[in-house]
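There are 4 protein chains.
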Amino acid sequence: MSYSFDPNRMYRMPTHFGPAYGPRQSPDGVSFNGKISHKTTTVSVSFLSNATQLRKLLPPGFSLHGDPIVNIFASYMKEIQWLAGRGYNVLGVTLNAEFSGKKEKVHGPFLTVLWENLADPIITGREELGFSKIYCELPEIRISSDFAAISASWLGFNFLNLEVSSLKSITPPYPMGPDESEPDGLLHYKYIPRTGQWGSPDVAYPVISPASNPNRKILEQFVGNGHFKWNVARWEDMPTQYTIINTLADLEIKEFTSGSLKRTIGDHDLSQINQKILE
Amino acid sequence: MSYSFDPNRMYRMPTHFGPAYGPRQSPDGVSFNGKISHKTTTVSVSFLSNATQLRKLLPPGFSLHGDPIVNIFASYMKEIQWLAGRGYNVLGVTLNAEFSGKKEKVHGPFLTVLWENLADPIITGREELGFSKIYCELPEIRISSDFAAISASWLGFNFLNLEVSSLKSITPPYPMGPDESEPDGLLHYKYIPRTGQWGSPDVAYPVISPASNPNRKILEQFVGNGHFKWNVARWEDMPTQYTIINTLADLEIKEFTSGSLKRTIGDHDLSQINQKILE
Amino acid sequence: MSYSFDPNRMYRMPTHFGPAYGPRQSPDGVSFNGKISHKTTTVSVSFLSNATQLRKLLPPGFSLHGDPIVNIFASYMKEIQWLAGRGYNVLGVTLNAEFSGKKEKVHGPFLTVLWENLADPIITGREELGFSKIYCELPEIRISSDFAAISASWLGFNFLNLEVSSLKSITPPYPMGPDESEPDGLLHYKYIPRTGQWGSPDVAYPVISPASNPNRKILEQFVGNGHFKWNVARWEDMPTQYTIINTLADLEIKEFTSGSLKRTIGDHDLSQINQKILE
Amino acid sequence: MSYSFDPNRMYRMPTHFGPAYGPRQSPDGVSFNGKISHKTTTVSVSFLSNATQLRKLLPPGFSLHGDPIVNIFASYMKEIQWLAGRGYNVLGVTLNAEFSGKKEKVHGPFLTVLWENLADPIITGREELGFSKIYCELPEIRISSDFAAISASWLGFNFLNLEVSSLKSITPPYPMGPDESEPDGLLHYKYIPRTGQWGSPDVAYPVISPASNPNRKILEQFVGNGHFKWNVARWEDMPTQYTIINTLADLEIKEFTSGSLKRTIGDHDLSQINQKILE
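These protein sequences, in sequence, are chains A, B, C and D. Okay, so the first sequence: first residue is 4 according to our numbering, each after it adds one. Okay, so the second sequence: first residue is 4 according to our numbering, each after it adds one. Okay, so the third sequence: first residue is 4 according to our numbering, each after it adds one. Okay, so the fourth sequence: first residue is 4 according to our numbering, each after it adds one.
Just so you know, these hints were derived from the structure itself, not from any lab. Careful: at least some of the hints might be erroneous.
[Said to hold, decoys possible] Chain C regions said to be covered by chain A (calculated; three or more residues, Cβ under 8 angstroms):
#1 87 to 101
#2 149 to 159
[As the list claims (entries may be wrong)] Here are a few chain D residues that sit away from chain C, every Cβ distance over 12 angstroms (derived from the structure):
#3 Lys-38
#4 Arg-129
#5 Thr-260
#6 Gly-269
[To be verified] As a list, the in silico BS3-like pairs of lysine-lysine whose alpha-carbon atoms are at most 25 angstroms apart:
#7 D:Lys-42 / B:Lys-171
#8 D:Lys-257 / D:Lys-106
#9 A:Lys-171 / C:Lys-171
#10 B:Lys-42 / D:Lys-42
#11 C:Lys-42 / A:Lys-38
#12 C:Lys-171 / A:Lys-220
#13 C:Lys-108 / C:Lys-220
#14 C:Lys-257 / C:Lys-232
#15 D:Lys-106 / B:Lys-38
Don't be surprised by glycine CBs; every beta carbon is placed ideally from N, CA and C.
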């Protein structure tokens, strides 16, 4: 009498209204095309940090790979097809890491946290992909003359300001940024707690977003001087996220290694998604 | 070299920054008190619907219980302690159902969907509790003279308007509303997809929020005439949620059975949470 | 002992903190350049309406000019220099009108109302320029495949949805749209009530934004089929604006005359502003 | 052929759609009742400052009155009848001042600036009343245990945080707060620039909101320790308001003189509005 699940379709809670549409599943008759979806403006700053501090952020099975470089990037996306032409914004922090499992050994940027300003991709990203996505406000990037600036807040508490100034346009061929040098892919650790058995997980496994972005085309790229400031938070300021902000604010900055602004068009299309569990 | 999990603490993604604070876990030195947290204004409308339609919304193991009554409620919460005094709003739809498992047989309102206007409780609620929480905009309830009205939108698409008019104050003892008559508890179905194996779940089990709300005190209660209108959505209007809206908009309304407005103070405190998997 | 006004600077309330910066006055050392500021995406739909209805919207001294065509346009602006690289969005409705005064006779689009989603330009636009600007929410335009769609809401009440579909790219030279065919300029009626003498104005005069937009460069242009729907509002839905919505919703649509999507860069620069009172 | 103005009704731009409804003019059949509209929660902090600094904020005809005390208050209003049951929030800064004109000599708190988080009352307040209202984001006040905290931002730039801690409930009769001790009324300076003649005003006169609030009833009151921090802004951070923030941030704090939290119901009703120009 109740409904049943179709093993050929993807579901998310609530499962009671049928298959869930999103970036990896469209209704019949709607197709997503990675060549035109979507338009992205990305600002990115990297710095050399302290290996001892970074290691403490790595889950079981992971270790640092190469220099202890941290990358902070923010992307402002428009005209996303799976959102019927809407957009949303993200802010992420990565470290260069490797995972060594029973069967696989891979390396690439490890996504410690990804803030997004829209709940729908947060839900799909966490539950389907294992991305460590959480929410914040990300007002549109400000670009004027030769600077670009972003800010991030949680319910009005402004926890990060980041700017790239003295921007200079560069000509193709464009160099790879630290957020794109993904030898094997983008690394994650998926974790879902078990209901009622609070210390135990329902899900706890490493995940990779295999490298490949054949549809992304760079339209414009600029390099400049990066600068950012985390505003240390109390529990009162960000009761669900202050430990994250304060850990990131505490990372040693030995040297800024890059700052850039980039406009791109295109991204993965639906058929290219091969996110997988690492073993 | 990497971090390890403390089995006595609760975690959510990102797990790399230590235990996750939220409604069920506070930092040392912070205590939550259900007697003063939080203040809630709830508007609620119930109607007799069509059993055949409602059964199609029930997951495996569930069946209808009693009359096919649907309850739509919206709660506007303030001064929530786990959010350090902030608030958020919710909009839910329940059916009276029962679950019959190998070991347990329980009945109570089945929460088909719960919209919330803040991502942080959506994440904790989905992953820790198995609530079918999704996002929408819920502007503050409007109360003036003898009517109360709410609206719900997703990125500007106004999918529900609900009003209770000709409100009359009632005096204690207050009757139980359909959203409170929880013989055994509030029922859910937790589902998390398995990464890369898209038709398969990592998690798929029924869950109960056992009834008990000793701290909730009703400050004021009114009854009145309920009325609501779902605005049918296309994929273009709500690409991730239109199937939900349209299914709910299609439910037959045989008769309105209640409409109310209520102001309460207090809720569960931390020690009372005994959400559990049903077997 | 109190401050005094510098007759060479512009002021807005509060005047107590010195001259007011904005689109027409920058701090020393900051210059605005109309060639790069700002980037705009505009969707526009025109229709032939009923002259008798339109005349009722014209203030003293104004009459219709040419066909009774109404244009509804929405512009989404980014990288505005006077906002230090931020953007905002507008939604306007114009009629073709002429003003005949004691000294001047001019014609052009008459701006009956301009919604904006940011209070700062609303304030400067009303008080400095006499634009009939009011507030609404204007979520980012949705563009996907061959359609563009916008919506407008006031505190969650979605009062307008407008789409242009079957978009086809056109090649230069680009035709003038109805929102640009400004023979003499854009026409307005500035009105400020007198405090305490409620039926009397402090200010009541016609204003023109003289035509000239040498810095605007069209980057892309598309034509398509326009369609829109005003949602009739009660006082309860939009207590400050329902009369506006309902008057516009009531306008007869005899024939759609154009629909377009356009991306431009550049606009007026500071030195070109010659908004003036019509006599 | 065009419309004409009815001298017995109030208008605001756009005037083309008939009389403008708002706090001082309701549609036929709708009445506002100050006894139940509206519910307000106010946090307030006062401090003794530097008379020389404060005098520089006074417009022509004004001087300081009594001690150079500055009051910062924020009010969170709900169930406002003229908004059909909606609410909005305000943040203001007052000084004790007197105005000495040709005919009148009055004293009371001078409202240097009033931020509001909704454009509709900003427009009516500036143009009808001469209040120096501007826009900012004012997320709901946070109240938990014995503290209350507010923050204010402009497009994500968090310019003020204010808290009152160690709150203690006081019992009636309630003392007057500095925001209520209005011997003659609340003082303002209304200023509207003249279009095209940028250094000249269309309107420039002092205004008073005569004291009288017979409908306001205090429900609860607490006193505590006030604390606040203005975050100094660059033009890039708040291009239209940074001079205001920085002037207020620069005010000397000699001593905190009061901190309070208060819940009230009721306010002026429509018939009591006697805002007037001072001569």
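Hint-by-hint comparison with the structure:
1. 87 to 101: Our answer is that it holds, as 4 residues pass the Cβ test (under 8 angstroms) against chain A, meeting three.
2. 149 to 159: It holds, with 3 qualifying residues against the three required.
3. Lys-38: holds (19 angstroms)
4. Arg-129: violated (6 angstroms)
5. Thr-260: At roughly 22 angstroms from the nearest Cβ of chain C, D:Thr-260 sits farther out than 12 angstroms, so the non-interface label holds.
6. Gly-269: Non-interface label stands for D:Gly-269: nearest chain C Cβ at 19 angstroms, farther than 12 angstroms.
7. D:Lys-42 / B:Lys-171: Holds, at roughly 19 angstroms.
8. D:Lys-257 / D:Lys-106: Violated, because 36 angstroms separates the two Cα atoms, which is more than 25 angstroms.
9. A:Lys-171 / C:Lys-171: Cα-Cα ~35 angstroms, so violated.
10. B:Lys-42 / D:Lys-42: holds (15 angstroms)
11. C:Lys-42 / A:Lys-38: Status holds; Cα separation ~23 angstroms.
12. C:Lys-171 / A:Lys-220: holds (23 angstroms)
13. C:Lys-108 / C:Lys-220: Not satisfied, since the Cα-Cα distance of roughly 29 angstroms exceeds 25 angstroms.
14. C:Lys-257 / C:Lys-232: holds (15 angstroms)
15. D:Lys-106 / B:Lys-38: violated (57 angstroms)
This entry does not satisfy hints 4, 8, 9, 13 and 15, going by the numbered hints stated previously.
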